[in-house]
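*Asks:* Quick note, the sequences are listed as chains X and F, same order. Per the numbering used here, residue 1 is the first one in the first sequence, and the count goes up by one each step. Per the numbering used here, residue 298 is the first one in the second sequence, and the count goes up by one each step.
The hints are simulated quantities; they were obtained by calculation from the structure and are not laboratory data. Here the structure is a predicted model, which means the values were calculated and not measured. Every residue, glycine too, gets a C-beta built ideally from N, C-alpha and C. Check each hint, because a few of them may be wrong.
[What the hints assert, rightly or not] Only some residues are given here: those of chain X computed to face chain F with a beta carbon under 8 Å:
| hint | residue |
| --- | --- |
| 1 | Q25 |
| 2 | A166 |
| 3 | L170 |
[To be verified] Calculated pairs, DSS-like style, for lysine-lysine (alpha carbon to alpha carbon, straight line, at most 25 Å):
| hint | chain 1 | residue 1 | chain 2 | residue 2 |
| --- | --- | --- | --- | --- |
| 4 | X | K296 | X | K139 |
| 5 | X | K296 | F | K436 |
| 6 | X | K139 | F | K399 |
| 7 | F | K436 | F | K593 |
| 8 | X | K139 | F | K436 |
There are 2 protein chains.
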Amino acid sequence: MTAPITICIVGLGLMGGSLALALRQASVTTAQQDAARITLHASRITGVSRRAETLAAALASGAVDAVTSDLAAGVADADVVVLATPGRTILRQLPQVGRHAKTGALILDLGSTKAEICAAMADLPAGLQPVGGHPMCGKEIAGFAAAEAGLFRDRPFVLCPLPRTAAAALEQARLLACAVGARPIVLDPATHDRAAAAISHLPYAVSVALVNAVAAADDPLAWSLAASGFRDTSRLAASDVEMMLDILLTNREAVLDWLDAFAGQLAALRAALSAHDEDALRSQLTAAQARRTGMKF
Amino acid sequence: MTAPITICIVGLGLMGGSLALALRQASVTTAQQDAARITLHASRITGVSRRAETLAAALASGAVDAVTSDLAAGVADADVVVLATPGRTILRQLPQVGRHAKTGALILDLGSTKAEICAAMADLPAGLQPVGGHPMCGKEIAGFAAAEAGLFRDRPFVLCPLPRTAAAALEQARLLACAVGARPIVLDPATHDRAAAAISHLPYAVSVALVNAVAAADDPLAWSLAASGFRDTSRLAASDVEMMLDILLTNREAVLDWLDAFAGQLAALRAALSAHDEDALRSQLTAAQARRTGMKF
């Protein structure tokens, strides 16, 4: 990554758009990050999207140097291909990327689950360098209009190299993560997926069930009284449905396991309340309070 | 409420402290609210707390004119007594307030559940004017240090008059709510408790179970990856435990009902995911997204 490179970002929604903006505006502090910034500032960025208005907006914002709706053309001359589409779209696009990407290119994705994507990456031609990626950040609003350069700042950026991935390719992915202000963390796909299910996919499912439970009662009064507590606990339910479907369906086993663990905790709380067992209830509430109060975000 | 009055606030934590500060700093826009402001600005406010440091802090801040740790002495000359202690403390304090409050005084509480408190208020001496109250606002931080004058601004302030309550007393409570910037809403206690269980107590229970489920796995990696989604969904778990115990135990039936409704929604989501039933899953996620996106806070 010492010479100027060409980066192709496929998908210019919240994640892809933010990555392009961040690469343009990267401001960094460490020596490693400075090296990344210098190189990446000299880079050419191509944006790929199916939607003409997204391409126009990305070009107008200066986030990308060139745009195309043709995946094959976009990836053809790229040193780095970043797949920033939803999880199952990435799975569909990988074979085409494999046919058209140039030998030696780093193939990085930003999908929210890693096991299925990394397994599919194993089928890429031997000359390509695949690394699964997942920046641990997001918003419940989707699309390029929601993109912002600061999205990755100080957030973990998980990287999952394959057994075949060259060290230099992983290093290139690490520099890219640093360049956008994130903290790269190398994990194996299964470990990532289990942790992401706990702290991201389970909260989403819980938030959906909460909204649907209150909605089922169809009580306008309850909605009118909702305050910051309901607002925050239910925020994730507003997330993009197709993206979340991809996440849940490509991380099904881990999500099911965490749903069961959660249901067990909720049943324990219900049992203590139902039995008027104040000590058991206090012990559960106190444990949660101590853990949550100790968390830093 | 046309002449200057004396208000005694019992409990100077987040709610009581904020009420005192708000009464001091009330800025209002409607004619009704102006009338309330003029009267209440001329009021004398007495603060009651068991803790000397809380009394000193409240006095130093200018939120109250006088302080005492003696409930009987504090309420003796008050035209309005506001009980801003946790729910079960209110239940314990009501008989003593009944013995010492002066005839004609408005007895208003700020407890988060209303059925048990309003039932206990029915036992107050006939000369007193009880109104159950619940400002729908809060923070997960407790204590006078967390108090702020703007806490009630534009928030619903539920008022539950008893059958015996004089119209003038309810009007006085309504003016007080307006004076601190809140929107008074008159409800019967059971209706309030059921709605509050849905939009406040259920989200708290869900948040506790979420934190305890992830904590049970004892995985430092998961915690280190937690981002804004987990932060918001779990925020309520940091709430004051004794306050929340009082709320859950004094609103037990309604909370249990909502826990069951929630568990039903979660089981439906789990079943769709387990069966790989994409259409059913999409329909649940879409319903929640539409509802949540339409909410205004």
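*Asks:* Confirm or reject each hint.
*Replies:* Status of the hints after comparison with the structure:
For Q25 of chain X, the interface hint is violated, the least distance from its beta-carbon to any beta-carbon of chain F being 21 Å, above 8 Å. Interface hint at A166 of chain X: violated, since its Cβ lies 25 Å from the closest Cβ of chain F, which is beyond the 8 Å cut-off. Taken as an interface hint, L170 of chain X does not check out: its beta carbon lies about 19 Å from the nearest beta carbon of chain F, beyond 8 Å. Our distance criterion of 25 Å between C-alpha atoms is met by K296 of chain X and K139 of chain X, whose separation comes to about 19 Å.
Under the criterion of a C-alpha separation no larger than 25 Å, the hint pairing K296 of chain X with K436 of chain F is consistent with the structure, at around 17 Å. Note on K139 of chain X and K399 of chain F: the hinted pairing is violated, with a Cα-Cα distance of about 54 Å set against a maximum of 25 Å. A C-alpha spacing of about 18 Å is found between K436 of chain F and K593 of chain F, which places the hinted pair at or below 25 Å, so the restraint holds. Among the hinted pairs, K139 of chain X with K436 of chain F is consistent with the structure: their alpha-carbon atoms are about 22 Å apart, no more than 25 Å.
This entry does not satisfy hints 1, 2, 3, 6, going by the numbered hints stated previously.
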